[in-house]
Each structure stands twice: as structure tokens, then as C-alpha cells.
Amino acid sequence: MASLSSAEWRALCDKFTTAQNLSEVESRKDPANDPFRSKYKARELLREIYCALKSFETTEGENESGDQRPTEQPVDGEREDGFGRGFNGDSPAGLRAAKLGAVEYYLGVNHIETEELSAGQEHLMNCMKQLEKCSVSSENVSLYIHVRNQLGILWAGRDETEKAQGFLETAESIYQRYMKEEGSPPMDMTEYFTTEENQLTHQERTKRFELAYTHTMYYLAQVYKNLGEIERAATYCHSTLQRQLLLNQYNPLEWALNAATLSQYYITKGRYMEGRHCLSAATVIAGLAGEVPSEAAAQESETERERRDQLRQKRAEIARCWIKYCLNLLQDAEKLLQDNIGELDTERQEELKRARRGEEEAEEKDRKSALLFGSEDTFDSIASLEEKVRCLFPLDFTEARAVFLVGQTYVTQAKEYFEIDGYVTDHIEILQDHSALFKALAFFEEDLERRCKMHKRRIDMLEPICNDLNAQYYLLIRRQLMFELAETYNEMMDLKLSLANRQADTQPLDNHTIKKFNHLCSSSAKYFQMFLDSLCSPEGKFPERLEEEVLRPALVARFRVARLHSRLICSVPSAQLDNLNKSLDNYKYVVEYCEAHPEAVAAVETELELSQEMVGLLPIKINRLKARMATNN
Amino acid sequence: LGDALVRRHLQELNTKCVVEMEKNQTILHPAGANLGKGDSRYVFAYDFCFWSMDESEKDKFAGQEVVFQCLGESLLHNAFLGYNACIFAYGQTGSGKSYTMMGSVDQPGLIPRLCSALFERTVQEQREEESFTVEVSYMEIYNEKVRDLLDPKGSRQTLRVREHKVLGPYVDGLSRLAVASYKDIESLMSEGNKSRTVAATNMNEESSRSHAVFNIILTHTLKDLQSGTSGEKVSRLSLVDLAGSERAAKTGAAGERLKEGSNINKSLTTLGLVISALAEQGTAKNKSKFVPYRDSVLTWLLKDSLGGNSRTAMVATVSPAADNYEETLSTLRYADRAKNIVNHAVVNEDPNARIIRELREEVEKLRDQLTQAESLKAPELKERLEESEKLIKEMTVSWEEKLRKTEEVAQERQRQLESLGISLQSSGIRVGDDKSFLVNLNADPALNELLVYYLKEHTKVGSADSQDIQLCGMGIQAEHCVIDITPDSAVIITPYRNSRTCVNGSPVTSTLQLHHGDRILWGNNHFFRINLPKRRTRAAEDEEGEGGVMKNSSSSEQLDADGDSASEASSEVSFSYEFAQTEVMMKALGNNDPMQAVLQSLERQHEEEKRSALERQRQMYEQELQQLRRRLNPDRQSFMGGMSHSTSAQSRLKQWSEDREAVFVRSLRRLREQVVRANLLVQEASFIAEELERHTEYRVTLQIPADNLNANRKVCLSHTHTCTYTHTHTHTHTHTHTHTHTQS
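For the record, the sequence lines run as chains A and B.
If you read the first sequence in my numbering, its first letter stands for residue 1, the second for the next number, and so on.
If you read the second sequence in my numbering, its first letter stands for residue 1, the second for the next number, and so on.
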């Protein structure tokens, strides 16, 4: 039996190490005009290894030819995975097949990296063929996973997502079956070409093997995402994070931010328990990244400055995710509890409170089935953080207030880093969230006076900044602020009116109330108008055609301005006439715009319908007023 | 925003061309390894596609000039308007990216052309009150770190990207150098490029993995020469050389950004991006629901270029060679998706369900009102609307116009009054103590004693235009009578023949001297009282002593049948219209006593009928009697003892009473009409008030202002009344809209 001498073997191992080094390290230094120089060198070495192995195999293979099974093109997803067939993975034949497969694998990856995808694919499929010959064992399971990961990437890049999915899902099941049936730390592919003394430790083997599988999870997440199976994708992202934590293969800050980002997915899906768990874990893990270097230390060295900035920024970002958690929880509860005009539906409130009991039990069950993060030492701290805020919808003011206060704490925290000076956009986004927190809380507040004050707080925090911002750079954010201010003033106006009416239902409004009402009304109209003015060209011309993303806001703003003008309480008939005419003009704009641009109709159906009505009816009201003025003059 | 640009590839001669362009479409044909996958032809549509493979193909070939015209000119124009502008260049090395952006000496690219045009235009538009400055900065973004390429020492230091609320996003500490020509820019760019290369070598980095951003800052200063104040308009032109994708993909090291399409990111470092994409997909457009994963420094720095108030173009260059198929495809895909990079900040509006509901209610209310209005007589409504329109036209006349018109009317009125002999001193009758004048008497206290006619030496009275005092109406002759003032200040009245003139109730046919306080009746219903200067009055009293004004006569004395009933006349004003009228009637009755006869006969008849117990008839007569008495003098029935009866007087009386009755009935009808009309208006007002949800009350009150005199009428005034709407608001101040109907 011809066999490689140990010297020859050692040389071959060295060749492999050189090839690895060329491919992983040297290639980074390749010049732009010869970007694949090292890769090509590595490829040559791999080819030599392959030939050496092959010649060794041929001489040996003669004896084994009888055992050789006919092989068909293996395609994953269509057949059983490689358990219990062919050579035993640990047999010499099996091992040789694995070694040849590994070289094919490296050649495949090398070709793919130098953009020779077809050649790369061929090598990878050859690797698959080699593996076909043997059953899954600790000697080859790692290669089984790796080659499928690569094929997954390859096919995904060719828009053949289902094919990619097949390879990756097989990798997943091979891993699971291996772990169930064997579980011993498997050999790493690099070990095929190392001398005995360089064998990896069990720990290192596990680490590498698990990392390969973590990648499988991650690739599957992307495949599912590309297939539109978002929920499944999220589950795999979650698993990926979980594995990183479990295997201690993560950077705390990066991990924490990813977990916080995942919470955002759960929040948008209304899965608050999972969202809270992700956030609590994020906060705890970010804490593991260490203390924030002092300002003094940051001034001393750039590394410290960088570290300080990174820590503060990431923690502030996690705080912002917490704000979103509180905000969405409040807003979703609001949606659940409001009647068709946005007021608190007390019947629904009672009903939900009654249903609460059952839900709490379900929550416990959920908790068990949820994918938990954390190791023994972090689990408790994550759990205790979770206890600080509920994940059930708040159903009354007290509950809502508790959520609000947590959110507000994070607002303060986030603003510490995202100061207006230097972080204008982020700072304002936090302010907008703060305002939204107040707004959601106001929904639960039954006392109109206090509700009104909450809206006043919103105005106080948004109005100055809106007027300070440079319109050129912050056009979009200013538009948002203007719209929000307009709506808030409108809200306050309505509240003031119902407050006055509630206090003295039959009595006419007193002068002070009217003044206040008119002030709020015209402020609201003013900001809607500012919003509309912001759409004008530099020459001050209102666009003939509204951009898609401002179409509805612009038409709604017109509609609202129309409404507000007709609501101003005015005793001077000429001013009253003026207001009604302005109102009519704005209703007319909506109607005429939709006539000229029929595609806009769908965006503002209700508003258009009402505008049309008003365009028909307002002139009569105006004529009446004119007649009254004429006869009274 | 995407432009695919085919540039001659160096090795193209040896390979197959796989890129084809048709109008604004770029078609990529399968090549090499990708053959045999069926029809895997890709078609991408962009705003412009420029084909520049072979200059000899004139109709297809797009040179540097064309590219500049299509992209550069509009960007430049916008920069001068104050917009920010940005050009991204993206493409594989060798695909002609730098040729497109920089070009050669003979064939300058987009940047040199843009800069030259920029300076040309600043020179062109430069004037005393307008000046321009141009500054540049140049930076590199590598590994999310920013380096200043124009600062000789800066390449080692990383800069921080910050935002200022007024100045916008900026790089803290980035140098900004003033330039005066494209030459300056060119040399700074090449300096920067050198420093970029050096840094890359030092740090063992690849320049193709870094983005380079060249900013041109145009400051347009507008000076107001008079006030000496000036304002600035700053716009920024960013030229971005995006990191070439090829090397990054090849080494697998660049995967910071999430790969497009169905590609899988290999490295776990992109996990955050994948997760973030999930959250985004979960909420569609509503970005405010979650915290966006921090974008790269580049997108952050250029966020104002990527949406909103700026103009952005992306130039993607591709090689037509089959060899570069993969790269070309990825570039085309990237360019195709470039549109999505644009920053769309969506306005999150509140649900406006409540507003909609309120408005629906109002629509219903208004609609109900409309149907109600329609159910009224339609023509009437139309008429009213027309009337309103007319009134509105009057109302819309400007204030100055109104004042002018008012003035005109006042003058016209004066002329008219003057021509009628009426004193213009309208402030009352007491003005001319030293003059003789006539003052009108009217049943309506508001009109009583309003007209003052001063007497001249010779005053003619009549309906003709030649007369000094023009009167018209029943019984007024063209030349009715003459009043003379004698040199010794006696006032003499001389009626013309056939004209009815009564003084103090007695018909006058010949010349008669008048005394202070005498009542004159001309024709049927023109009553006047004469005022003489004090001196003359006294003299007259002294002289006459009888028949005149019993000013000093004791009030306790009963009035005799003669009717000089000045008993209670403690003041001149007491000679009222009623008094004068009764006086005339009394005198007339006193003379030929026709009324008394009627009354007596009626009374007699009444007595007889009483006796004959014809109760009903008696009552009728009694009623009639009562009426007659009341007509004669409601206050002095007891003195109507000896009335005689004559047919002429009876008919006159009858006519008079009929006239009076007619006037009365007519006036009453008008009054009623007006009250009805006012009520209608009030109803309407309340109606509208209710609809406006105002707590408003409307009332009709009748009031007759003393100063309400319409000048457009002749002297024969009938009556004027005013409807007042009191529009009581919830406000403290109450507005009164006064609406006057006047009839003549």
C-alpha cells in the first residue's frame, strides 16, 4: 500500500498552512491592479495538495474499488442526509474521502472568492461527492456543514434561494442529528492537514464546529428573510444571538445592540414579552462591556475617547429602543381601547380587564416557551430588569403611567448622549418620542385639564426646536414637527372647548375661553400652513404635483386648515367672511387637486368626500353671511 | 437618479460585449458561466443611459459634453437656487468611473466641467450687491471613520461627524479652503488624492474600500446697499466617489453594508443589519416605530443630500466586457436600488376620525338648511340672493370710496335743500334768534321742527321751481303765496287766489301780518310755525295783544272756541302738529259747523233709535259718533258743542279722513311688512347662529332716531323707522348691526 511518508505528509501540511495564510492574510495586501495575486498562489498550492492526495488515493483506491458505490449527483433537500451509509467516516477510506473533499472545498471557496463561481461550484459539488461516500461522523461532520454553508451562499447569490435553503436546511438537520446521536467535539477541517502535535483541543473543536453551525443559522435567517418568511427569519436571528451568547462568541456591545435591534422587530409585531426580554438582555450584556471611561481619560488618549464614545453611544441607543418599547406598548394599548373617534371605550376597557386574568397565565406559558437569553450569571439580572416594566397592555391610567415613567427615564438617559449640540436629528427623534409618550398617556387621562397640560408639554418641547432648525438641512424633520405641532394645537383646542362646554353646558363661552380657543385654533392652522409652505420651491411656488410621500400629508393639511378656519369664533362679520372664504379655498384646493390628479383620490378618500360636500355647501353659508352683513349695514 | 454609463473597457477587444443600451434601458446579456440558465437577460431602466464604447458610432455615442448637459447643468442651476446637490459615482475599477468624473485633459469629465461652469456663473452674476465665495473640503470615509484629505497632518486623525441645528451636518475640524478657480480645485483634489494614497499605504488599507467626498461650498452673499445689511445663501455640492464594490466583495472583508437582493452576507458582523431589515420589513413605512440601525457615516453625512431639499444624481459606470458580468450585474442592481436610498421622512399624522365626524355633522346640518331653504319659494330665494349680491357689491366698495360717496351725497343734499329754501343749519331751530324763519310741524316727533326756512325780504312759496320755498303735495299751487318782511320788520303773508292758506286755523285770503308762533297751513298738510326775532316778538305782543300767541296768558284760562289755545303753551314747542291740525279742523268746524251737525244728527238719530230700542243700530251710531269725536279732537270732545254742517265741508272732511285713513293704512301696512321682514331676518340669524354653535340671541327692536333724516327726499316726509338687530355674542362686546328701511 503506497502511502505518504511522514516527511511528505509534513510537507503537505506545510503547503496547506501556507495556502491558508496566503488566502486569509496575504491576500489583504494585494495591490489593486492585481487583487487576487495571493488567492491564485493559494489555489496553486491547493491543487498540488489535491494531486498528491489523489495519487495516494489512486494507489490505495484500487483495493477499494469494489466497495465504491455508484454515485449520483447529490442534491440536498431531495434526499436523506448522510447518516449511516457508505464508508464509516472514521475508516481510512472515509478519512481519505473527507481529506479530498476538504481540498475540493477550499478550492471551491478559492474560486468563488476570485469570482469564478462556476468553477467554485464544481469544486464544492466534488466535495459533496466525496462526502457522499461516507457516513456522517465526528471526522467529517464539520465539512458536511461547511460545504453546505458555502453552497447556500453560492446559490443565494444566483437568486436561487430555494436551492440555497435546501443546502442550509440539510446542514441544520445534520448538525441536530449529529449532536443528538454523537455529540462529541468533531474534527475541524484544518486538522486533516495538520500533524498530530497540532491537533486542536476539544474546546477549540467545539468552538469551531458550533461557530459553523451558528453561521448556518445566520444564513438560514437571511434565506428566510429573502423568501419573505420574516417571522422565521427572526427566529433564526434570535437563535444566532442565543448561540453567540451561549458559546461566548460575541462582542458585548455589538451583541447588545443586535439584541436591542431584534427587540424592535418584536415590538413592531406586538410581541412585547420577547421584545422586553431582548432589551433586558441588551442592557445587561452592554453592561458587561465595562465602565465608561471618564472624560478626563478620554482626553488623554484617542482609544479611551473612542471607547467612551462607543459605550455611551451604544447604551444611549439601547435606551432609545427601550423608549420605543414603552411607546409602542402604550400606543398599541390605546388602539385597543379607543372607540371609533379615538376616545377611551370604557366598555372595552372593562372587557379587557376581565380577560386579563387568563392572559397572565398564558404569559407564564409563553415565558417558558420563549427563547431565553443568558447564561447562569446573567439570567437573574436580565429577569430582574424585566420586572421593572410590564409587557401587558396597560388598561388604565395608573398602568399607563407606570409604562410612561419608564419610558421617560430612558428619554433622559438617551438625551444625555444624544445632545442637541452635535446630534440634532437623534436628539429631535428622542424628543418626538417623548412627545408621543405624553400623547399616549394623555389618552388614558380622564381629567381634561390635566390632559390639556400634557399636550402643552408636547408643544413646549417641540415648538422652540422647530423654529430653531435650519430649514435647508432639516427640512424633513421640520415638516414632521410642524405637522405634529399643528395637530397638538388642534387637540388642545378641542379639549379647551369640551372643557368649557362641560363646565357650563348651556352658558355661552366666556371671553377668555374664546380668546384661548381662537389662539389654539389659529396656532394649529399656522403650523399646518407652515408645513404647506415648506413644500414650496425656493421661489415660493406651491408644487403643481405633490410628491408621493407628501401627497396625503399635504392634502390633509389643506383639509385641516379649511376646517380650522371655519371654526374660528369671530364676531366681526367681515373677518368671519374672510375665514369662511379661506376655508372654502382650501376645501376647493383638495377637490381641484384630486380632479387634476385622479391618482390622489385613493390617498384622501374621506377627506375628499367631505371637501366636495363643503365646496358645495359653504358658498351658501357664505352668501347667508353676506346677506346678513348687507342688510345689517 | 441612476445612470448607467458604459465605458470602453481596456480589454474589451478580447471579450464579448454583454451590455446593450436602448434609450433609458440597460440590458445585460448572459455571459460565460451564466449561459445556459435560460433567458437570464436583465433589463434595468434609469433616467439616462450613456453609451460611450465607440466614438465612430455617432448616433449612439455619448461624450463628456452630453453627460454634463444631462446631469451637471441642472445640478448647478439648483446650487445657485440654494439647493444642495450631490453626485454619487459608483462602479468597478476600470469601468470608467474616474474618466466620467474627472476625464482627461482633452476630454474633461463631470467635475471639471461643473467647476468651470460654477466659476463662470459666479463671475457672470457678480455685482455690487451680490458676491460669491467658493470653498472646498475633501474627506475620506474609511471603516466608518472620517479623515481630512486637505489637512497635511489630518490624515492620521479621525474626525467626528456632528450636526448643528443651524449649520446642519458637519465634520468637526474638517478644513475648508477658499478657491478662486478650477485650477485651485484641481490642485487641491490631486493633493488630497495623494494624501489618500499615502494613508492607505501606511495603514495597509485599500483606497477602493474607502469613500471620498469632495464638497464645494458656494456662498452667495446678498447685500442691501441702502441699509448695509447682508444675507447669505449657502449651498453645497457634494461629489462622492463611492467605494468600489469589487475589491470589497472579493476579499470578503467589506461586508459592512447589507448586500442587496438575495445575496447572503457571510460575516456575522452584518447580523445587526439583517435584524434591522426585519424590523423595517415588519412596519413597512412607519419608521417612527423603531430605532433605525445606525446608518453608515456616509449616509448620515449626506442625509440632507439623500432626500428633501436637495438634488442628487447617481452615476454608475459599468464595463461591457463579459468578464465583468458579475460585477456589472451587481453595479446595475445597486444603481437600480439607489432610488430607495433617498431619505423619505414620512409625516405621521394622527388619525383624524373625530375631525371627520365633526365635519360630517356640519355637512349634514348645512345640507338640512339647504333643503329647508329650497322648500321656500325658490324665486323668492333667488331674488333675495340677487339682492344680497347687489348689497354686497355696495359693501365691497372701499372705505375711501365710501367716504367720497358720502361727501358727494351730502353736497347733493345741501344743494337740494338750498334750492328748496331749507336752512342748512340743521342743528335746530334756535340758531337764528335774530332771524325770521318757518319751521315745519310734523305728526312724527322725530320729524317735527326739523326743517327751517329762513325768510327773506320777499319769500315765494309754491310748488314751482322758481319758488323760494318749494312745497309739493295736495293743494299746493305752483305759486301759492308770498311772505314779505316790511322795512319796519313786520312779516306779511299774501296768499294767491285759489290757494289754501290758513293762519292759526283760519283761512286767509288777503294780506295778513304774522306774529311769532303763528301756525300756517298751506294746501292740505303742510303745517309750519313762524319764528320771529325776540325783539319783534315782544313788539308784536305789545302791539297786538290779541289773536297772537298767548304766551303769557294764564294757563288756567279755558280755551275758547276761537282756538287760540295757547293756554298751556309755556314754551314755543307746544305748538305741535296735532295742535295746528286740530286748530285748522276746529276753525273749519267752527266756521260752518258741518261736523257738529253730523254729530248732532247722529246723536239725535242715536237718541231716536235708543228710544225705538234698536239697540244694535244705536250701538253702531254710538260707535260712529265716538269715532268722529275722536277724530275731531280726542282731548276736547266736550267743547264740540256747536258744529254746523255743510256738504262741501263734509266732503272735504270725508276726503281728508279718507286720505288720512289711507295714509294710516298704508303706513301701517308698511310697518307691518317691515316687522315681518325683520322677524324673518332675525329668524335666519338665529338659525345660522345655532348652526355655528354660537350662543347668540337676536331681537327686533323698533327705534326711531332723531337724527335720521333722509336727504334724498322732498319735504313730504312720511315716516322713517329703524329695525335694530341686537346680535348678542358670548363675547363681552356686543355688536349692533343697524339696518334701516326708509320710504318716501
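Treat the hints with care, as some may be off.
Claimed, not checked - DSBU-like mimics (lysine-lysine), calculated; alpha carbons at most 30 angstroms apart, straight line:
id	chain 1	residue 1	chain 2	residue 2
1	B	K365	A	K526
2	A	K29	B	K233
3	B	K145	A	K29
4	A	K526	B	K266
5	B	K165	A	K588
6	A	K453	B	K165
7	A	K415	B	K23
8	A	K456	A	K388
9	B	K266	A	K516
10	A	K15	B	K165
11	A	K415	B	K165
12	B	K153	A	K582
Hints are computed from structural coordinates only; laboratory data are not their basis.
Would you pick out the hints that fail for this structure and give their numbers low to high? 2, 4, 5, 7, 9, 10, 12
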